Amino acid sequence: MNILTLLIFTPVLFGLIILLLPSSIRASFKYIALLATLLQLGFSIWMYLNFKTGAAYAGINHEEQFQFVQKLPWISLDLGGAGKMQIEYFVGIDGISVTLLVMTSLVLVIAAIASWEITSNLKGFFALFLLLDMAVVGVFCALDFFLFYTFYELMLLPLYFLIGMWGGARREYAAIKFFLYTLFGSVFMLLVMVGLYLSVKDPVTGNHTFNMVQMMNPKNYIDGSVFSILSHQTILGMPARTVGFVVLFIAFAIKVPVVPLHTWLPDAHVEAPTPVSIILAGILLKIGGYGIIRICSGIFPDVAYSGAYWLGLLGVISILYGAFNALAQRDLKRMIAYSSVSHMGFVLLGIASQTAEGISGAVLQMVSHGFLSTMLFFLVGVIYNRVHDRDIYNFRGLGTLMPKYTVYVMVAFFASLGLPGFSAFVAEAFSLAGAFKSHNVNGLLPYWMAVCGSVGILLSAAYFLWTLQRMFFGTVSLKGGDIWKIALTDINWRETLALLPLALIALVLGVMPSLVLGKINDSVLALVQFTQTVFHR
Amino acid sequence: MITLADFMIVSAVLFCTGMFIIVSKKNSIQILIGVELMLNAAILNLVAFGKYDRINNSGQMFALFAIVLAAATTAVALAIILNVYKQYKTIDPDKIKQLKD
Amino acid sequence: MSKALPYQDIQTIYFAIAAVVLPFAAFVINFLFLGKSKLSGWVSTLAILVSSVLAAIIFTRVWNVQQIHVKQIWFRIGDSYLYTGILLNNLSVLMLGLVSVIALPVHIYSTAYMKDDAGYSRYFQYLSFFCFSMLALVVMDNLILLYAFWELVGFSSYLLIGFWFDRANAVQANKKAFIINRIGDIGLLTAIIILFNQYQTFDIERLFKEGGLIASSTIKNGLWISADIQTPVIWQYIACIGIFLGVAAKSAQFPLHTWLPDAMEGPTSVSALIHAATMVAAGVFLLGRVYPLFNPAELTTLAVIGCFTAFMAATIALTQNDLKRILAYSTISQLGYMVMAMGIGAYATSLFHLVTHAFFKCLLFLSAGIVIHQIKHIKEDNNLDIDPQDIANMGGLRKKLPLTFIATLIGGLALIGLPLTSGYLSKEGILITTYEWAQGKGDMMLLVPLFAFFTSCLTAFYVARMLLKVFFGDLNLQFLNPEIKIHIGDGGWRYKAPLVFLALCSLFPFFSFNPFLHEETWLLYGFSAYNSKSVFDIMHIAIPVLVNGASLLIIYYAYMIYMKRSTIVLPQSGLLYRLSFNEWYIDRFYNRVVVKFVLVLSDMAFWFDRKVIDGFVNLLEKIGVFTAGIASWFDRYIVDGILHLSAVIVQAIGGFARRFQNGKVQYYLFSMLLAVIVVFILKILIWN
Amino acid sequence: MSIVQVLFYFMGLITLASALTVAISKNLVRSIFMFFITLFALAVLYVLALADFVAVTQIVIYVGGILVLILFAFMLSGKEALAAAQLQSNRFISLSNLPALLLALLFLVVMINVIFKADVSNLQWIKEANGVKNVIGSNESMINNIGINLMTRYLLPFEAISVLLMVALVGAAHLSRREGTRI
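Quick note, the sequences are listed as chains B, S, E and Y, same order. Taken in order, the first sequence gives residues 1 to 537; the numbers are from my numbering. Taken in order, the second sequence gives residues 1 to 101; the numbers are from my numbering. Taken in order, the third sequence gives residues 1 to 688; the numbers are from my numbering. Taken in order, the fourth sequence gives residues 1 to 183; the numbers are from my numbering.
Errors might be hidden in some of the hints.
Computed list of lysine to any residue pairs in SDA-like fashion (alpha-carbon distance at most 20 angstroms, straight line) [unchecked claim]:
(1) B:K52 to B:Q70
(2) B:K485 to E:D166
(3) E:K622 to B:Q70
(4) E:K683 to Y:I112
(5) E:K209 to E:T319
None of these hints come from the bench; they were simulated from the model. This one's a predicted model, so the numbers in the text were calculated from it and none came from an experiment.
From just these sequences and the hints, can you work out the full model?
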């Protein structure tokens, strides 16, 4: 049994078990879900430990360099004159996926712990949760575009229901908004996918293929096909490859999210229940970044190269715009949601730089943000569970009431604002360093972008500190008076269990970024090498 | 000299009068009268044209037939009217709407 | 270890590591195990004691002997390797020693000062963490780690300023401090990134050593040329500006100085350690580290800004009534001197002033802490509603707190720069060098030494004012509330020992056996490479005499004002007074303009987000809904409508036909006849 | 204008006037009597059309048979019929009669139109009949001829009608017998 397949489908198995079990033992569902995620975490850690590094295992555009590969024919139709339709179950990971996978599995464990707060319709919730679990893990593993797309779309459904059924007051609006936004992106992605399928031929079998690794090789493109680099096809007067890139980019940019495609995020976060917020912020956003790295710049490196300026610009705008918006919020969750926009801007900036530092920084930022946003949303969930309020102005002096909680909040906040010693610092610093360096290395991004990006770090300090000062410090003063004072108990062991590993990981990654960078370096170098040479004349 | 057209015009007016009676009257007996008027209009025509067949007398002959038949039909019709009246206590054909769908 | 080192050097390195890590260990122990225990204070003190002993050993081994640099790979990112390492040279060992030596008395003092506080252990956690960051900052060998600890120092300062986190002012102040420091951090980060881009390394030694990468790069034709990278020269300026921002934020230089006076909301012992002696000196230390980066024009700018800061802060200090605020502004002023000294090339003198200032300012703060503590006692004993830090309430404490008085006096005199104190040595050095520096630069530049002298006079005035108001005359409180009981004193040995130690260190013999000539200070020899050699001439006598004379006159003037109340006092309502009292309105400007601007900007961004982007999305949604509405309308009324219409038509025809089937025989007849006649008419009309 | 013509017009006028009165009259009894007049006037018209035998038959059968039958039926149908008859709209031109009136007028117009268009006096066979003197003279009697024709040339229709008459009589008798439970 392939470990990746096991990793992907374990949760579904448990989900089926939950579905089959009678509702009378619904109290045990959360333990089953937790067990599933823990098992998954075990698998991913095993993979992480057994992951081989070195230039020979870089992956990216070399199929044989991927690890834990499983390749099975899935849908194979003989279309007669039109050749064979070849869709494979093709999973495998390289350096870029492996760290994200570990991050994902851990975040899912935390999300499962956070699911304790769910009280209604447990069977449905955990079944959907585990389905979502499968889909997100699948996205990071899939190397066949069709498979990728299947997982990608499969995420939407459970998320829609999770937000729409277990969410807050305006959950339906948020769910619909989220659904439409992401659907909008993925519908066009489907078109590009088909276009790519028709443009690419598997050199071995001679059939059209959905294999993403094959799509990265310019030799596999059929002469004169839509996305062939040599044929210079146009769509609506624009070069076809640019259109393909832009469409894919929009699909992923919605996920990231990049300003101006971000407005689903605050609404979805605010309305979603805590575990879903955690998955949204911790994993979903990373899928956007991962997609941009693996698919956008993997399959259309030439366009990613020529359009890097705009990518970088969008990144900088996201950083600043998200930060300014976060500063204007008074809903804690919304503030954190906007801060996610800001922090994910660094990812885009790093990717746009196309330097090893930038892309490594971006991946590290994704991993780091995965943990930190999980922590932040979990923390918001803690307070929301207790008093069902998140308005920053309604709290003051929580530090006195909930000292341990405040310590975790401070850790999360300071880690998020890039305090050295925590993972975000290294990630952001190197994203910026890469962006700055890019002018000399490949001339893609002007210097000022990095400088503007660094202002985002300043603003993040402003809004996090303002929140700290407003909510946690000062004399105790709560909107709900003594009732709240009683309700606001300090965190319990279950919450500690969720928060402590996150805080420690943020710290450990900050001190030893090599835990991530060691695994991704070869892949990143290969990617940089690849994007700069393969598709250029 | 009385022309054929004269007869025919009289017959036409008579016919139309009969028709009017048939269509407009609310009394079955009156309707029967209308029918008779129309028959008579026809007979008048037959008779008028019968002038030009001295040998066979076809016009008058059929006029005779028609008169006899009219008598028979009237008898039958009146019998029906009576029966209808027994059944419905009315002889207004508008009230008898069993044919309506 | 990258290269083989002699055993003793390895030992030195281990000592250095231990010196740095010990406070961190204390922090961890306190954090994990000694949450509520009073033991935590002694754990921290022990750690810093060992650190300072180690620092002393290291100092003796490295100072003017050698430079030790070891490094090890930290992580690899892409093709570049990041190292972590320790660089011990004169500068770092000096700072290492200074920080640990200053920290030690502060720790001891704190065990007494904080003993009644609920957050005693927390305080020592923070303090140890600060010591760790500060010590690490000075020994780190590369810019990224320097930056990391630079920010951690800011962070621990944040924690300590907001130590009493239930006080609104304190948390406002720590937020402000951190954010302003963040501005500096960003500048520094940008500068570091620029340097990394230019030289592909973060290594301080490789970058800044003599003949290092910085020295070998040139500026030509608007390009900044290093080994293999050419960048527009503007980025060299930006790097310098960035570093300056970092320095300005940490060392409270104009325009980023406003956090420091507010930072006095923290415990006074913290103010003594962090906001007087060590952390604020980090800016000057950084300047020392990256000194070769600056070119003469930039140095001149630095000098001007330093001079301006010194002058501005001194004018503000003149009118403040809060004891700690006066000291805070005097700190800013003295830091201005140091930066100015760096700017004029008096590298060593600047560091010398840093060291002396650390001692006497720490001394002053600790003394002020005792004064405030005692006034607070009076306040609490008698339930008075006063500000214990307001010097207007004080007076005549000389007799109640004799040791504190003497300590403050020594510190104050050192601050003024009168002979026999350490302050004299370093300050005169700066003034003389300033004068020499300005001589060759034209008339405009003469303003710099002029202002420096003037600032010195101002310093004399406000120090005298403070001393007189606090220690001389009669206790104002008693004057206002005659019935109060006063039981105050210098306190136990944990108060006294640090004061004595620091007071001794603030006197001349600690630095030079010649109390009048700063050139003979041992410290200066450590940095002879950088310091501009000055020829001994008449000015070296004239300037100290002049300045000290003026200072004495000013002190006399102050004495006449505050004690005898006989001299003309400057009006307390004039423009100058208000300017000074309101701290030049800078804070107010920041609050009203900069902060407002940012907030408005963020509100606008949010408005934009909600109205424009979300509005656009919602518009799309509305369009979608509308289109869907149209489609559904179309579906219902057109597509279905056609269907229904045909049904309706059929029905209508049926209904129409049905009406003929009304069972009325006459009607059938009528219809039939009508049909017939219609056929007839048609026949006649058409087929004829 | 001969006296015959005057008579024709006069009788035609009476026919039509009485027929119209039948149509207009709201009183059933009156209309029946007006019908009686019409039938008489028509008989005169038959005479004028040189069909004296037919005229006699008309009077005998119609006036003597049908009219009596109708009167009896009217009387048998009782008071309600009478009342219903009275209830009818007494106006000749009323909204309920309008369609019927229009229809009748249209038919009239059409028929007159056809009559004039057809130019009946100049029809082929009439001309031929005139040519071979196959026209009944105003002074000869056709009774003989009719009798012969009835028994020779029109024997089959005569017999068929007799059977038909019998059937009709049987039917009428069947219908009017007093049973009532049927139908």
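Against the structure, the hints:
no. : hint             : result
1   : B:K52 to B:Q70   : holds (17 angstroms)
2   : B:K485 to E:D166 : holds (16 angstroms)
3   : E:K622 to B:Q70  : violated (46 angstroms)
4   : E:K683 to Y:I112 : holds (15 angstroms)
5   : E:K209 to E:T319 : violated (44 angstroms)
Checked against the numbered hints listed earlier, the structure breaks hints 3, 5; every other hint is satisfied.
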